[in-house]
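Spelled out, the chains give:
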Amino acid sequence: MDANTFLIQVLNGIQYGLLLFLVASGLTLILGIMGIINLAHGSFYMVGAYLAFSLSQHFGSLWLAMAGGVVLAVVIGLLLEWLLISRLYHRDHLYQVLLTYGLILMFEELRSVVFGDDVHGVAVPALLQASIPLTDTLSYPVYRLWMSAVCLALAIGMYLLIQRTRLGMMIRAGAANREMVQSLGINIDLLYRLVFALGVALAAFAGMIAAPVASVFPGMGNQVLIVCFVVVVIGGIGSVKGAMLAAILIGLVDTFGKVLTLEIGGVRFLPELSGMMIYVLMAVVLLARPEGLFGKRG
Amino acid sequence: MRRARVATVVLLCCLLALALLPLFAEKYYIQLFTKMMIMAIFAMSLDLLVGYTGLVSLGHAAFFGLAGYALAFAAPQYEAANLWLSLPLAMAGSALLALVIGALVLRTSGIYFIMVTLAFAQMVFFVFHDTKIAGGADGIYVYAKPVADIAGWAPFNLENHTHFYFVVLVLLVLVYASLRMLLASLFGRVIVGIRVNEQRMRSIGYRTFRYKLVCFVIAGALAGMAGYFAAAQFGFVSPDILGWHTSGGVLMMVILGGMGTLNGAILGAFAMLLLELGFQGLPVVGGVDIGKHWQLLMGGFIVFAVLLLPHGLLGLGRLASRLLRKPAEVAEAGDG
Amino acid sequence: MAEAVLRTERLTKNFGGLAAVNDVSLEFFTDQIHAVIGPNGAGKTTLASLLSGDLASTSGRILLDGEDIAGLPADRISQRGVGRSYQKTNIFLPFSVFENCRLAAQSRLPSSMRFIRPALRYDDVSRQAQRALAEVGLEHRAGVPAASLSHGEQRQLEIAMTLATRPRILLLDEPLAGMGSDESARMVELLRGLKQAHAVILVEHDMDAVFALADRLTVMVNGSVLESGFPELIRASAAVQEAYLGVEELAT
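Protein chains in written order, with numbering that gives the first Met the number 0: chain E, 0 to 297; chain D, 0 to 335; chain W, 0 to 251.
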């Protein structure tokens with residue numbers, strides 16, 4: 000592989016990793032703060048992508064679609080939390096798994112009813128259609144750079160929100176001791192509702208910005224969910240640092256796995272089994288450090 | 000004690016009903032109930048993990064599907080596999096996979112465990128979906144049902160749907176009885192203790208990892224048995240048999256039926272499959288084909304069941320009897 | 000006196016920058032009750048957890064019959080004869096009182112990887128469990144679910160489970176916690192009887208019980224050993240009184 004191709008793959012890998020981080024951060028947020036495992040998180044990603052597709056056709060502009068889509072996603076998130084998720088807080092993880100699995104089935108079918116089962120493409124907005132030249136012979140799509148920048152900006156924004164604002168402080172306190180926060184007069188129910196809506200919005204937004212690059216297809220929600228799980232397992236539950244590191248790592252491993260060729264003893268492992276690479280990585284981490292790279296032991 | 004006796008009577012009646020079914024029912028229903036019994040075996044194997052050991056696995060389909068593929072491999076093209084050879088081999092394959100995966104995933108617990116079981120099952124799915132090992136995404140056909148020949152004589156013929164039904168029924172009873180025996184044994188008591196308080200089990204001297212691993216392997220082998228017959232009945236295996244819809248489906252059966260009771264697993268399997276059929280059979284209303292989108296109703300049902308039935312379908316019965324019973328009767332050793 | 004059956008050498012446990020147990024060297028002998036006392040946060044329970052294997056030490060040695068067991072997991076240490084009871088009741092609530100003890104006694108079998116014979120048919124195990132229940136005085140409550148027991152009875156069960164594993168060394172973490180005076184008196188008699196053929200390490204707050212029972216006394220403050228030796232001498236020690244003054248009087 001020559002240097003140019005290598006550079007492109009590195010950029011692609013980082014871009015994919017940052018996108019994964021965006022989705023995974025929503026999952027970890029809900030998991031770490033509210034203690035809820037939300038299997039339907041991937042469905043929100045899918046909903047975002049399909050909204051981007053249909054709304055952009057409706058409005059003729061991806062930007063308006065994104066704005067409208069985020070608003071819609073927040074509303075959906077608030078409603079879901081109010082009606083269903085709020086009843087899961089004191090239940091075993093088992094029932095959370097079951098209920099959110101039921102939600103996956105519902106979302107998949109609703110998508111099928113409303114949008115159909117076809118694969119769709121979404122056009123890159125005109126503003127970002129150019130390519131930036133990196134070397135004499137090579138140029139890289141601006142849109143991908145923009146995507147990475149947005150993901151990074153949101154990551155930093157979230158960090159600042161959680162660590163540096165009063166709202167963030169209340170959220171962190173609520174995660175540690177729900178009853179205490181409530182007795183201090185803070186409306187913990189509203190707080191959790193907002194956190195959940197934030198998580199949903201992050202996933203949906205990720206789906207929207209990924210749509211022009213990754214295309215919009217029925218199984219995309221489940222696919223991204225499982226990769227998110229791998230991110231959280233490798234990074235460690237409750238660790239945003241770990242999630243970032245793990246997401247970039249996975250982004251790079253996955254991207255390079257698809258373009259490299261690996262043959263051992265006549266058996267071709269790459270690129271055929273590139274889909275397996277991230278699980279092999281997860282297996283290695285489990286053997287060496289079961290609590291994840293930055294997870295807490297015990 | 001009275002509750003146990005009532006339960007036994009109910010069980011025996013159901014067994015009798017199942018045994019007599021082929022006398023009255025047509026082929027369609029015999030095959031339907033065969034499928035339900037196969038899924039009941041699958042569900043019981045998962046209940047051993049979830050309900051009794053407290054290990055919530057979202058990747059149990061890996062062992063179910065692997066055995067199905069093992070049958071497909073053992074019966075290439077139009078040849079039939081020998082049941083007595085291929086079934087143990089298929090189960091051994093699933094057990095081996097469970098050993099490998101278990102050794103890795105049992106290093107985690109709680110939410111982690113749920114996630115890694117799903118991830119590893121997905122990895123197995125990828126192996127069969129993305130490679131040409133077994134027909135890739137298209138799957139492979141199992142054209143001929145396994146034959147039960149021993150030196151030229153076959154006690155039954157699996158091509159006959161009634162024979163198939165009774166073979167599965169016998170296996171269902173055997174698996175149920177074996178699991179009851181297992182749960183009352185030394186091993187079973189350790190397993191249940193692990194679910195209640197694993198840390199104390201370690202502190203009184205049990206190497207809990209070993210017991211969890213053995214349990215995982217047993218559950219995997221039994222899932223393999225179910226998967227083998229599912230493939231034999233359906234005549235076709237595709238990567239979906241390893242997919243997480245299968246894993247999610249069987250987990251639903253266990254939880255909705257009532258965890259940690261074995262009876263609940265069977266009830267859940269039958270109930271879910273009947274529900275699925277019921278939803279699929281709904282008519283077209285106002286231009287919308289409801290039956291085609293049955294998953295929407297199924298999802299909705301699951302959501303409602305979680306909210307309203309904390310102990311699953313069996314919980315309804317328990318709720319009634321609990322109102323009539325004194326607390327002391329609840330204390331059967333390790334009531335589960 | 001014979002060799003110490005259990006000994007710690009410079010045992011230390013750090014949590015971040017905090018030394019919860021700091022350079023502790025103690026000896027424990029059979030046929031002796033050795034009490035460990037100290038104000039809250041002194042490191043008593045941490046010490047107990049280090050000895051039982053529930054926590055891994057940062058440095059130092061734990062010598063059981065002369066062999067270093069530091070770093071071994073809790074199950075291995077239990078199998079070597081160290082039985083621990085917990086400050087916060089740590090029983091199997093859904094099981095019957097009998098089953099709690101039976102499961103503990105079962106752990107002494109060479110292997111529980113037995114899948115066919117019903118567990119209740121292992122008579123030796125059942126007998127062992129009955130004996131443990133009788134020792135603490137709970138045999139009349141054998142069929143009751145553990146969750147239905149009174150607090151005092153649950154503390155008794157906690158000890159019975161530990162006894163059922165037939166340990167040589169009994170590590171009892173605040174067995175009297177939360178007990179009324181009647182229950183305490185009964186427990187003190189029980190503990191007194193346990194001295195025979197066991198080395199008893201008693202972590203406690205209840206000073207009456209400690210001075211009624213202890214053959215040896217160790218006072219811990221802020222993770223270190225302040226003084227260790229004969230109870231009467233320690234009671235009179237000025238340093239101990241200074242460290243403790245008023246605190247224990249309030250506690251009892």
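Incorrect hints may have been included.
[Claimed, not checked] To give a feel for the contact side, a few chain D residues facing chain W, derived at Cβ under 7 Å:
id: 1; residue: G135
id: 2; residue: R194
id: 3; residue: I203
id: 4; residue: G204
id: 5; residue: F278
id: 6; residue: Q279
[Said to hold, decoys possible] Reference listing, derived: stretches of chain D covered by chain E, where coverage requires no fewer than 3 residues with Cβ under 8 Å from a Cβ of chain E:
id: 7; stretch: 45 to 57
id: 8; stretch: 61 to 67
id: 9; stretch: 110 to 116
Derived from the structure by calculation, the hints contain no laboratory data.
No residue lacks a Cβ here, since even glycine has one placed at the ideal position from N, Cα and C.
The hints, checked one at a time:
1. Because the smallest distance between the Cβ of G135 (chain D) and any Cβ of chain W comes to about 39 Å, over 7 Å, the interface hint for this residue is violated.
2. A cut of 7 Å between beta carbons decides the hint on R194 (chain D): the least distance to chain W is about 9 Å, and the hint is violated.
3. For I203 (chain D), the suggested interface contact is upheld, since its CB lies about 5 Å from the closest CB of chain W, less than 7 Å.
4. Restraint check, G204 (chain D) versus chain W: the minimum CB separation of about 4 Å is within 7 Å; hint holds.
5. Against a cut-off of 7 Å between C-beta atoms, the interface hint on F278 (chain D) is violated, since the closest Cβ of chain W lies about 36 Å away.
6. For Q279 (chain D), the shortest C-beta to C-beta distance to chain W is roughly 39 Å, which exceeds 7 Å, and the interface hint is violated.
7. Here's how the stretch 45 to 57 of chain D fares: 3 of its residues keep a CB closer than 8 Å to some CB of chain E, so the rule of at least three is met and the hint holds.
8. Here's how the stretch 61 to 67 of chain D fares: 0 of its residues keep a CB closer than 8 Å to some CB of chain E, so the rule of at least three is not met and the hint is violated.
9. For the stretch 110 to 116 of chain D, the assignment as covered by chain E holds, since 5 residues bring a beta-carbon within under 8 Å of that chain's beta-carbons and 3 suffice.
Figure legend: structure checked against the earlier numbered hints; hints not met, in rising order: 1, 2, 5, 6, 8.
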